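Construct all of the structure, not just a fragment, from the sequences and the given hints.
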Amino acid sequence: MKLTGAEILIESLKKEGVEVIFGYPGGAVLNIYDEIYKSDFRHILVRHEQGAVHAADGYARSSGKVGVCLVTSGPGATNTVTGLATAYMDSVPLVVFTGQVPTLLIGNDAFQEADIVGITRSCTKHNYLVKDVKDLARIIKEAFYIAASGRPGPVLVDLPKNVILDSTEYAYPEEIDIRGYHPTYTGHIYQIKRALDLIYKAKRPVTYVGGGVIISDAAEALYQFITTLGIPVTMTLMGLGAFPIRHPLSLGMLGMHGTFQANMAISESDLVIAIGARFDDRVTGKVDEFAPNAKIIHIDIDPTSISKNIKVDIPIVGDCKKVLQSLLKEIVAREEETEKIEGRIKPWLEQIEKWRGKHALAYEQEDVIKPQYVVEKLGELTKGEAIIATEVGQNQMWAAQFYEFNKPRTFLTSGGLGTMGYGLPAAIGAQVANPDKTVIDIAGDGSIQMNIQELATAVQYNLPVKVVILNNAYLGMVRQWQELFFDRRYSYTCMEKIAPDFVKLAEAYGAAGFRIEKIKDVEPILKEALAVKGPAMVDVIVEKFEGVYPMVPAGASLKQMLLV
Amino acid sequence: MKHTLSVLVENEFGVLSRVAGLFSARGFNIESLCVAETLDPTLSLMTIVTRGDEMIMEQITKQLNKLINVIKVTDLSARKFVDRELILIKMKATKTNRAEILRISDIFRGKVVDVSHKTLTIEATGDEGKLAAMIELLKPLGIKEIARTGKIAMLRGAQ
Ligand SMILES: Cc1ncc(C[n+]2csc(CCOP(=O)(O)OP(=O)(O)O)c2C)c(N)n1
Ligand SMILES: [Mg+2]
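Same order as they appear, the protein sequences are chains Y and S. Counted from 1, the first sequence has number 27 at position 27 by my numbering; the numbering is strictly sequential. Offset between the second sequence (1-based) and my numbering: plus 564.
Source of the hints: derived by calculation from the structure; they are not laboratory data. Note that the structure is predicted; figures quoted are calculated from it, not measured. Backbone N, C-alpha and C fix where the C-beta goes; we use that ideal spot for every residue, glycine too. No incorrect hints appear here.
Stretch by stretch, here's where chain Y covers chain S in the computed footprint (C-beta under 8 Å, at least three residues):
{"no.": "1", "stretch": "578-584"}
{"no.": "2", "stretch": "624-636"}
Which residues of chain Y face chain S? A few of them, derived with a C-beta cut under 8 Å, are:
{"no.": "3", "residue": "Val-117"}
{"no.": "4", "residue": "Ser-122"}
{"no.": "5", "residue": "His-126"}
{"no.": "6", "residue": "Ile-178"}
{"no.": "7", "residue": "Gly-180"}
{"no.": "8", "residue": "Tyr-181"}
{"no.": "9", "residue": "Pro-303"}
{"no.": "10", "residue": "Ser-307"}
{"no.": "11", "residue": "Lys-308"}
Here it is as structure tokens:
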């Protein structure tokens with residue numbers, strides 16, 4: 001049967017099991033929008049293309065499925081760049097379709113032409129310009145496969161107008177063969193055995209897990225691994241949710257704003273078992289002084305992540321879940337050695353408990369509401385079961401430190417790129433994927449204004465996301481650096497008296513608006529807001545000069561923590 | 565250390581810029597890059613000469629392999645290989661130096677490919693050492709312009 005490019009696109013999306021497109025129309029994609037109309041395909045109209053990509057991203061992170069976007073050529077396409085870069089840094093599977101001018105006009109500076117394949121080459125896992133409708137079905141199949149397999153990432157498919165209009169015989173390919181792309185899933189058994197040899201010798205081992213564990217759905221295998229060996233575990237920002245934070249073997253988050261015990265444990269360890277993490281500079285601090293006396297085992301599906309920043313002793317390339325399962329098999333077989341771990345690392349665990357007791361994450365609640373208190377209250381009110389998206393800055397770090405994450409795919413945050421404006425659209429996408437869950441964007445007064453327009457999207461589709469603004473009247477994280485390293489010269493970070501009235505703003509969009517100014521109101525008003533059936537925004541006036549601690553200054557070693 | 569990489573890629577538009585973009589985005593340097601179709605018209609072979617310590621070379625190789633359009637990466641420098649480069653040298657030719665230029669060119673098995681009243685253009689091929697020596701000898705006689713292809717290379721024997 002002959003189908004047009006637009007029809008092939010919709011048919012292929014159905015074949016891929018796509019439930020929803022996040023998009024925004026325009027001239028170059030009119031025919032596709034017509035097809036969406038005719039086929040009644042579910043489509044969420046965002047208010048800015050950046051919002052579409054972050055929403056698809058939140059959808060993907062919270063569900064494990066591929067997120068899909070559709071935007072027009074030129075400005076529509078360029079507006080996706082920040083979203084793509086965000087997803088690329090955090091390995092989120094997306095397929096983004098962009099309209100393009102007809103192939104004959106490409107290169108002519110045609111109206112609404114942008115070389116989006118050129119522009120996004122370095123912030124996508126792969127991208128395609130479809131030149132012939134005959135290639136379309138194959139390319140879509142490849143795009144979904146590449147986005148979701150190996151180390152996932154965003155793939156962009158650029159669709160010239162004539163390709164959308166042209167017709168060809170349609171058959172969705174069953175098989176896929178990309179000769180330059182063969183991700184490794186199973187870890188090398190020899191390496192796995194060598195890794196265990198090290199684990200069975202270590203006196204001060206610590207496991208350091210990142211987002212890879214969540215992406216590969218390895219939380220259960222990780223739990224088995226940690227509890228069988230009795231080795232402590234710390235998580236990166238992206239790894240939060242991979243292991244229950246309150247478990248006695250959990251050290252909490254490590255890195256720049258990590259816990260005292262986590263950073264001390266890493267620094268003093270003699271063996272680091274890194275799983276699905278990439279030794280980001282926000283995690284390692286000064287590289288030369290990161291775990292200076294430790295051997296390093298590194299499990300990761302992306303070979304380029306291994307020995308990139310830190311020399312690794314035992315690399316294991318593979319899928320975190322598969323490798324953990326292979327490790328567990330060996331561990332069971334080597335029962336006697338496994339039993340000896342407990343005795344050997346007992347002094348180490350005792351040392352860790354001392355660290356833990358010394359500088360717990362804390363804050364002092366005074367007259368003005370402390371932002372940490374708000375996050376804690378949210379944790380209590382939602383029993384730690386909400387999906388939390390964040391913006392970027394102090395709000396993000398307090399959410400990471402004070403909301404207790406126990407399950408994977410419940411914490412959505414822009415870790416790698418640190419994109420302000422990520423949280424609200426990501427929350428919207430997560431709510432689309434999880435209609436029955438409570439989804440909250442913990443926001444800053446600065447960041448929320450970067451994609452505030454998406455409140456209209458939430459209202460239009462009655463997606464009951466809740467935005468809780470920790471309103472400190474500052475670009476707080478930047479202010480904190482100015483306080484610490486620039487003698488309190490608060491250059492362009494104060495937003496006092498120039499912020500919009502967030503309550504009126506929420507109401508103007510048709511959402512519910514709340515404001516909290518007193519400590520005694522925090523709990524009841526949050527409760528009330530959470531009970532709203534539709535979207536709601538809560539403006540919480542918090543202490544202006546609160547800082548995020550502990551803090552390892554950029555470039556310092558992990559042991560050089562500023563504690564208050 | 566200098567490394568010569570042989571990179572087999574899909575013969576498609578955009579592949580060259582993906583490879584070049586990778587080098588510039590990650591701060592790796594390219595000393596030379598040659599690319600042309602292979603016997604199989606769907607494939608191209610790139611020869612890239614680059615520099616880096618062990619850790620950088622490991623990253624370059626892995627990052628290249630990570631590109632979807634890259635099929636195979638071989639670091640030739642780890643093994644025995646032959647490499648060749650073609651060079652065109654345009655000499656300022658005068659009555660007095662013409663004979664000397666031709667003599668030097670002969671020693672290096674160069675060929676004259678163009679002559680004018682004021683110039684002599686020589687073509688030569690060879691490995692890096694040979695071409696460097698030839699340029700060295702020709703320099704005092706007045707080189708006007710040089711164009712070189714960059715290196716192509718292949719493993720020796722049946723490897
Ligand atoms: C798009 C973007 N621009 C700039 C920054 C730099 N930046 C990081 S945190 C921050 C302040 C954020 O302010 P706010 O949203 O109020 O959060 P707070 O730190 O006060 O909680 C800024 C400007 C960024 N991360 N992203
Ligand atoms: Mg703020």
